[in-house]
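Engineer: Everything in the sequence shown is counted per our numbering, starting at 75 for the first residue and increasing by one.
Derived from the structure by calculation, the hints contain no laboratory data.
Computed from a predicted model, the values in this text were never measured in an experiment.
Incorrect hints may appear among the rest.
[Unchecked claim] List time: in silico BS3-like cross-link candidates among lysine-lysine, alpha-carbon distance up to 25 angstroms:
1. 118 to 238
2. 265 to 296
3. 265 to 238
4. 118 to 178
5. 178 to 238
6. 265 to 292
[Said to hold, decoys possible] Simulated restraints, written as ranges between beta carbons of each label pair:
7. 142 to 178: 30 to 38 angstroms
8. 251 to 180: 44 to 52 angstroms
9. 279 to 87: 52 to 60 angstroms
10. 117 to 143: 48 to 56 angstroms
11. 82 to 291: 49 to 57 angstroms
12. 218 to 279: 16 to 24 angstroms
Beta carbons are placed, not taken as given, at the ideal position from N, Cα and C, and that holds for glycine.
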Amino acid sequence: GRTYIRCDDRDLGNIDVRAAVDRFIAGRVSVSYGLLAELTVDDKYRPGDLARVGSRAVGVSVRVLGPDWVEADRIRLYSNGQLIRDEPITSLTDRESGVLWTGKWTIELPSHDVHLVAIASGPGVNGLYWKTAKPYQPTSPIWEPQVFSCTGAIWLDVDGDGRKTSAYDYAQQLFLANAGNVEQLLASLDKFDQAVATQAASLFQSSGRSWLDADVQKLLRKASPATQAGVQSYLNAWRANQLATPD
75 GRTYIRCDDR DLGNIDVRAA VDRFIAGRVS VSYGLLAELT VDDKYRPGDL
125 ARVGSRAVGV SVRVLGPDWV EADRIRLYSN GQLIRDEPIT SLTDRESGVL
175 WTGKWTIELP SHDVHLVAIA SGPGVNGLYW KTAKPYQPTS PIWEPQVFSC
225 TGAIWLDVDG DGRKTSAYDY AQQLFLANAG NVEQLLASLD KFDQAVATQA
275 ASLFQSSGRS WLDADVQKLL RKASPATQAG VQSYLNAWRA NQLATPD
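Work out the full structure: start from the sequences and follow the hints.
Structural biologist: Here's what the structure looks like:
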């Protein structure tokens, strides 16, 4: 695969390297392996941008590009790492050359900042002219070849402070504000998504307390579904890490 940087390439022999590096660091990129996905918010914001949204909903446009010998069969949209759209891609009967799919969604927003990422995928190519390569470090003996593209993130400034506030930043603010009080922490997480809850769960566990304590579990059962899912996601990763760590 390749990482493509959105920069001025009109003079291919004289690309501004410093500008390209700055755009890479800013996230104005897309990862491509056979496909190239493009993501736009409100018809003007693209990966690496901070979208100053003035409402609780935004318009999201996705375009999937690729050559004639490659297919795309699924498009997914993630908000703060959580899947919020998952649709099959059907072949366009009348399409522009190189365009495999286009689509639009209206996305309802929470009260806090999030970032959006689109991922397009399709079946691997088996033809000898462009056979999909196997991974250098396989994680399973079963392998299904795929083509793939992932956009960079578009940050949505929902809280209006002019900054990109991550799930970890929100979780840290809540954890410190509640001084480690788990009941108050869980109540404050009600307004936030699963990603913020996962980060808060990590901070709580790292403070020396445990989500596995009976009194904490009792309080957790009263929390919002997103908070419960976020804490459980952290616990699943924590258990996997414990099993993988040698004594």
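Engineer: Could you work out which of the previously given hints the structure breaks and list their numbers from low to high?
Structural biologist: 7, 8, 10, 12
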